[in-house]
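**Q** Chain by chain, the residues:
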Amino acid sequence: MSETVSDKIAAAPAIAAFARRDRLRAYEALPWLAAIAAYFLFPTYLPLGAQILATTLFALSVDLILGYAGIVTLGHAASFGVGAYTAGILAVRGWGEPVTGLLAAAIVAGLVGLLSGLLILRTRGLTLLMQTLVIAVLLYEAANKATSLTGGADGLQGMQVWPVFGIFTFDLFGATAYLYALTALFVAWLIVRRIVYSSFGRSLTGIRENMLRMQAIGAPVYVRMVVIYAVSAALAGVAGAVIAQTTQFVSLTSLGLDRSGTILVMLIIGGVGRLYGAFIGVPLYMIAQDQFSQIDPVYWFFWIGLFMVLLVSFAPGGVLGSLARLTQRWRR
Amino acid sequence: MIRRLSTAAVAWSVVLAGVSLTAATAQTVKVGIVNTYSGPEAQVGDQLDKGIKLYFNTHQKDLPAGVKVELVVRDDTGPNPEVAKRLAQELIVRDRVNVLAGVIWSPNAAAIAPLSRQAKTPFVLMNAAGAAIPRISPYIIRTSFTIWQQAYPVGKWAAKNGIKTAYTAVSDFIPGHDGEAAFSKGFTEEGGKMLGSVRFPLANPDFVPFMQRVKDAKPDAVFIFVPGGKQATAVMKAAAEVGLKKAGIKIIATQDIVPDEELPNIGAIAEGVITAGIYSTAGDRPANKEFLAAWKQAYGANSTPDFFSVGGWDGMAAIFSLVKAKNGKFTGDEAMDYLKTWKDPNSPRGPISIDPNTRDIIQNVYIRRTEMKDGKLVNTEFETIPAVKDPWKEFNPEKK
Amino acid sequence: MTDIPAALETEKLSLNFGALHVANAIDFRLDPGARHALIGPNGAGKTTFVNLVAGRLTPTSGRILLDGLPITHLPQDTRVKKGLVRTFQINALFRDLSLLENVTLAISERVGIASNMWRSAGSHRAVIAEAYALLEDLGLADDALRSVRELAYGRQRLAELAVALALKPKVLLLDEPAAGVPSGESGVIIAMIERLPADITLLIIEHDMDLVFRIAKRITVLLRGRILVEGTPAEISENAEVREVYLGERTPT
Amino acid sequence: MASYLSAAIFIGFHGLAFAMVLYLISVGLSVTMGLMGFVNLAHGVFAVAGGYIMTGLMNRFGVPFPLALLVAVFTVAALSVVMERLLYRRLYGRDELDQVLMTIGLIFMSIAVAKYLFGSTPEAVHLPSWLSGHVDIGGRDFPTYRTFLIVCGMGLVIALWLTVERTRFGAQLRASVDNLRMAQSLGINTGLLFTKAFALGSGLAALGGGLGAEILAIYPGYALENLAYFLIVVAVGGMGSIRGPFVAALLIGIADVGFKYLLPETGSFIIYAMTMALLLWRPQGLFGRA
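Chains as they are written, first to last, in this note's numbering: chain A, 1 to 332; chain B, 1001 to 1400; chain C, 2001 to 2253; chain D, 3001 to 3290.
None of these hints come from the bench; they were simulated from the model. For glycine and all other residues, C-beta sits at the position ideal for the given N, C-alpha and C. Take the hints with a grain of salt, since some may be wrong.
Lysine-lysine pairs mimicking BS3-like chemistry, simulated, CA-CA at most 30 Å apart [to be verified]:
#  : chain 1 : residue 1 : chain 2 : residue 2
1  : B       : Lys1215   : B       : Lys1193
2  : C       : Lys2082   : C       : Lys2170
3  : A       : Lys145    : B       : Lys1185
4  : B       : Lys1185   : B       : Lys1250
5  : B       : Lys1246   : B       : Lys1185
6  : B       : Lys1193   : A       : Lys145
7  : A       : Lys145    : B       : Lys1215
8  : B       : Lys1340   : B       : Lys1185
9  : B       : Lys1068   : B       : Lys1053
10 : B       : Lys1393   : A       : Lys145
11 : B       : Lys1389   : B       : Lys1053
12 : B       : Lys1164   : B       : Lys1393
13 : B       : Lys1218   : B       : Lys1246
14 : B       : Lys1218   : A       : Lys145
15 : B       : Lys1389   : B       : Lys1050
Derived coverage of chain B by chain D (criterion: at least 3 residues anywhere in the stretch with Cβ under 8 Å from a Cβ of chain D; other residues may be distant) [stated by the list, open to error]:
#  : segment
16 : 1142-1149
17 : 1208-1214
Just some of the chain A residues that point at chain D, by a computed CB distance under 10 Å [to be verified]:
#  : residue
18 : Ile268
19 : Leu284
20 : Ser322
Please work from the sequences and hints to get the whole structure.
**A** What follows is the structure in structure tokens.
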């Protein structure tokens, strides 16, 4: 068999169908239309909106390793927090230019991700879960102790973030923050989508499905996982930096176990490994939290907890998983 | 493209929301409360909330006819500045509140402060005690206290009352650092000698190792600062475990370590502790008796207010006083002109006033001893230092 | 004969777990283009041997040579790149992915595009077409877009073979290629193996004696981690020792 | 020299006390993770429930301490059986992610329920007089309660190990942790075994929560805030192991007290760094199987 293939085979419909999997579909415009519509419909909800968008970016970064490479992490706040502190410390120390701040956050968080990935990705399953957790706790303690750099338990105060491109000041209404976060999310989505549909992305799916076989077909599984872990860490770092810059504050909670846990919850609610789970789960969770805690600030935890238990028991796969099941049933 | 979109949208939302930013046009005055209702530290938020609601419910009838005060309550879930800042932002932009208030945590307050400046919204700090916070925005007044206000005088008191050597043990965050610095300064100024200090993490389950260090150093007294709530109880238990009292080491602290409502939980170790505080339920003042009676009626005989509650109560008193004086209509600047000189000679904690220069509170600081009275532990005030200004601001004048 | 380097050779290959010798000083040689079978009772260490050679397990001592070059300490993926490919006794496919995808993944690794993060997988037309051609060759083209989990077991065994062939192996280790397939269907698989190009060196681990005797030119018998005997099918079937410990034991259970 | 000795005794004593609490709570988690392969992040809920039931009985109904503790343990064990049958069982063998999601959900619910029933203040533990104060052992003062805690803890550990080594239940448990499929083929009713092991683990957690209420205060956020501690004990000890978590709890308890006492400025950093190093050296934990 040679690389040149007969025309008959090249024209097989199966090949065409297979090759066109990555084409843009109409529904993929929905999240962006919704985000732009929300900007005009709810001008007084933009601060929340900006945080939702940045958190969606964070969830997207988790989906990349969890949904595609099958790495279960309870410590992705480590990357988020490193990014947040990078952007924050730059802005405190006199460099408040936001876009370069994002890049710096991506680089630093990516490097930390790369190093920790090199250390921990030899193992799988529960042990890996524990190691991700411990790395996050370790960074949390380090930030807690490095008071002169991070402000410790008081948080990093005195960030001076300059206007975006020297023009758009971060305003009280959160309009700039919203559009800034939306742009960051959009760029990240382009990158993630690209990666997911690339040969590399397909090989990640292979790793998730069957790591053993992936090794047997000659894939350097460890290297692939380290690479995607670093990329995901860089994106999470950008998410952290966006939140840091738009709220002009970084606190220890950005590295906390809470954040690692809730981002998982949001993503799983939306649906894992489907690229759009983050876009559904995060807004759902955060809007519900916002509304519930206005009605009943104290017992929000009860209802979200109950929802999670019911979801697992009756609708595994999250919203998108359930939708997929419904449409399948419909077609039959 | 994006630029035009953004500018247009900002302009448009200003039109929508802007008017109410500068003036309270309606007769309803909206007060946005940022407080902690969930998370591990919710109990202190609960105490503050009860103080706020108690004043609100008992004084609504005193408002001028046609004027209403509405509370808009938000949960910041703990020391969580991003959330607190967003909530404050939403309160200003979405709910168009006329006054911001509440806030347990200094980091949260520091995150909100720039917004109050930007939006010219008065911000009544009801608890957060970080000394420098009022300087971030000219629209802040504080009705609680600062750590310096208590730790510095109690340091002086200790040195004057036979304590020669001391040690400090504080939580590793700004208020803790404030306490350490203030106590040491007061204590050494009066000739006392510091033997050392230890700082422990803000969230810490067991304090025994730290208390043992204190015990090893054998000082006459130890100054302790931890945020009120479960940390206070834990640190006192640890002091009992290692036997500080038996070793003859006196415990000196700010009020945070012996909140009135926690005293039964802390138990016998609390007896003999000397604290500087701004409020004790044992305070023998008519206004306090009235306050206590109202409290017990509203929340039951087993519920006890503490200094968190009083901060909320007095903060609401300031806001109500403003609303009455302006008949429910005021701009941010008008409000600040009024609040800056606000005073109440009859607060449950004694006479209080706002220092027009620093917008911080001036109040009596009481030296109290925790003791058994009628089978219950109480904080008995036995010495009063009248009209204390925040010493930190005296030592660190604002550079203009 | 021995001056031609062996396609695959092991020297004193051993693996111990404490006192347990799962591979005991195995000296094994596979000539280029060989059709060689490895047989032995359950627990003889056949799959362990495959795992050692393929690089899933690291030997306690001994050497492995591919084309005369040592590969003992190379990671698994490098061995695959050098043409040493294996299949699995229990299907190890990407069950939720389509058949075409399964094969495409393997080809992508072989031609080295799998580390490309930017170019769309679908734009590598030649790779997809090659995968499809392979499936067509194996009579699997109709199921190309079905997920593996939907296929009948026999078809899955063929797919297992397809994924291995996609890697263009020089040395192919087949771990019980017909395991679990109803005897009526195993013919297709045997036919497939017989049709493999002669330049592929083949080592088959098998229980099914029909298959072994039809395909293998040489047979090695493994017992308790060591080689009992090696020879032509005729020699093996007449070997008294083998009949006793192996063939005798293989009464239907 | 004398001061070094005092320091060593201090660290050993308080480290041991902390270790007992950690072990009692975590050993059940180790079994759930090793035997059932279930990531039960909500394990701390059983501990805090035990603490609440105990303090509630003592403070509201004046039930004496030992009785309150016993009632707490058996109530929690019984409750855990109900939860195992209703909720956990559905998820055996399912994706780790589903288990994580459900158990985080349970933690969230426990926080709200605890706050609703008991308020957000930590529960006070009013110890009987025979347990407060100090005892003199060899010319040194030790807090009575922690001494009691250590003695009790040791007794329980021995009882637990005897149960696992000597009883039929223990043998089945060990066989199943070792090789579940083999155990099933040997005719062990693993469903029933899971339930029993789960109840035992939860009961022990409740015991740890109740006994340890003086060290790890009982309040709504308990199950979440202390989760990292419990998980680390299991990870360091080795999942599925009964003894591993004991060694791990000892290491962590003593190191925690020691570093806080000797090097307070480093906080918990060194503990976590040690944990990380250990997990890199032995990913399966000290006593876990490779």
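**Q** All hints are to be evaluated individually against the structure, with a verdict given for each.
**A** How the hints compare with the structure:
1. Lys1215(B) <-> Lys1193(B): holds (16 Å)
2. Lys2082(C) <-> Lys2170(C): Cα-Cα ~8 Å, so holds.
3. Lys145(A) <-> Lys1185(B): Given pair Lys145(A), Lys1185(B) holds - Cα atoms ~25 Å apart, limit 30 Å.
4. Lys1185(B) <-> Lys1250(B): holds (19 Å)
5. Lys1246(B) <-> Lys1185(B): holds (28 Å)
6. Lys1193(B) <-> Lys145(A): holds (28 Å)
7. Lys145(A) <-> Lys1215(B): Distance ~24 Å between Lys145(A) and Lys1215(B) Cα, so the pair holds.
8. Lys1340(B) <-> Lys1185(B): Status holds; Cα separation ~29 Å.
9. Lys1068(B) <-> Lys1053(B): Status holds; Cα separation ~15 Å.
10. Lys1393(B) <-> Lys145(A): With Cα atoms ~27 Å apart, Lys1393(B) and Lys145(A) stay inside 30 Å; holds.
11. Lys1389(B) <-> Lys1053(B): Since the Cα atoms of Lys1389(B) and Lys1053(B) sit roughly 28 Å apart, the hinted pair holds (cutoff 30 Å).
12. Lys1164(B) <-> Lys1393(B): holds (27 Å)
13. Lys1218(B) <-> Lys1246(B): holds (12 Å)
14. Lys1218(B) <-> Lys145(A): Within the cut-off at roughly 27 Å; holds.
15. Lys1389(B) <-> Lys1050(B): Holds - the C-alpha atoms of Lys1050(B) and Lys1389(B) are around 27 Å apart, at most 30 Å.
16. 1142-1149: violated (count 0)
17. 1208-1214: holds (count 5)
18. Ile268: It holds, given that the least Cβ distance between Ile268(A) and chain D is near 5 Å, below 10 Å.
19. Leu284: Violated: closest Cβ of chain D sits about 14 Å from Leu284(A), beyond 10 Å.
20. Ser322: violated (13 Å)
Consistency note: the structure conflicts with the earlier hints numbered 16, 19 and 20.
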